[in-house]
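So the chains spell out like this:
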Amino acid sequence: MTQTRAIALNALSLYALALLLAAAFAAQLLLGELPCPLCLLQRIMFATLAIGPILNIRFGPRPSHYAMSLLAAVAGAVVSTRQVLLHIMPGDAGYGSALLGYHYYTWALIGFIAAIVLLAAILLFDRQFEDDAAASPLAGNLFGYAAVCLVIGLTAMNVVSAFLECGPRACADNPVVYELLKR
Amino acid sequence: MEFTLLFLAIFIVMLVAWRGPRPLAMGLFAAVLIACVATYLHHATDVLKLSF
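Here the protein sequences line up with chains E and X, keeping their order. The first sequence begins at 709 in my numbering and counts up one residue at a time. The second sequence begins at 763 in my numbering and counts up one residue at a time.
Errors might be hidden in some of the hints.
Claimed, not checked - Where chain E lies over chain X, by a calculated footprint (3+ residues, C-beta under 8 angstroms):
id, segment
1, 763 to 769
2, 772 to 783
3, 788 to 798
To be verified - Lysine to aspartate or glutamate pairs mimicking DMTMM-like chemistry, simulated, CA-CA at most 25 angstroms apart:
id, chain 1, residue 1, chain 2, residue 2
4, X, K811, E, D800
5, E, K890, X, E764
6, E, K890, E, E741
7, X, K811, E, D881
Keep in mind the hints are simulated off the structure, nothing from the lab. Every residue, glycine too, gets a C-beta built ideally from N, C-alpha and C.
Model the full assembly from the supplied sequences, consistent with the hints where possible.
Shown next, in the form of structure tokens:
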């Protein structure tokens, strides 16, 4: 895999992460389901996962950037596994509504495990780490630029959303109203 | 509040990764990851009832 292709794949992964963060927002805004503390932490880990690809798009692919994403994915998998285990007992309805039979945290666990597998797979391609004079990571890369802007914008929206939901105090375990919009 | 701060910290790390020096972005990433793990440990205190 050439450096140019690896950068395109990294941009694609940012679009996937943006789609995931947007889907979580859609559930929050359209269904009125406020994220719990562990749900927020999973969103945070998805956003953290995006930092490696941003560095890859800007500086070119490096193993250290993939390692950063791997660490974030493992941490995210631990958080979502805990939430799955919290609701694993028979008769437990789970937290929030299900999408295609699975709750958001179960989809998150699947997403983090898929990220770990994909990151390990892309690390198999050594040619992307060779200096490629023809491939300039930033020049003319509108596809990558738009992906970075999208994911940074969604993270900024999450800053506002989390502040509206929790306010200046600790977040409620089962939030039902935005603390700062309460009358 | 801690989640707002974590999102804000990640937003800043993303901006540094996109516009700033690479070593600073990597250092800030490490700090944010440690903060995330600490937040998780703070919130993961309920006993898991897994025998069924």
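Structure-based check of all given hints:
1. Only when three residues or more bring their CB closer than 8 angstroms to a CB of chain E does the claim for the segment 763 to 769 of chain X stand; here the count is 6, and the claim holds.
2. Look at the segment 772 to 783 of chain X against chain E: 7 of its residues bring a Cβ nearer than 8 angstroms to a Cβ of that chain, three or more, so the hint holds.
3. Look at the segment 788 to 798 of chain X against chain E: 5 of its residues bring a Cβ nearer than 8 angstroms to a Cβ of that chain, three or more, so the hint holds.
4. Pair hint X/K811 plus E/D800 holds up; C-alpha atoms about 12 angstroms apart against a cutoff of 25 angstroms.
5. Distance hint between E/K890 and X/E764 is fulfilled; the C-alpha atoms sit about 20 angstroms from each other, no more than 25 angstroms.
6. Between E/K890 and E/E741 the CA atoms are separated by roughly 16 angstroms; this keeps the pair inside 25 angstroms, and the hint holds.
7. Restraint check: the Cα-Cα separation between X/K811 and E/D881 comes to about 18 angstroms, which is no more than 25 angstroms; the hinted pair holds.
Of the numbered hints given earlier, the model fails none.
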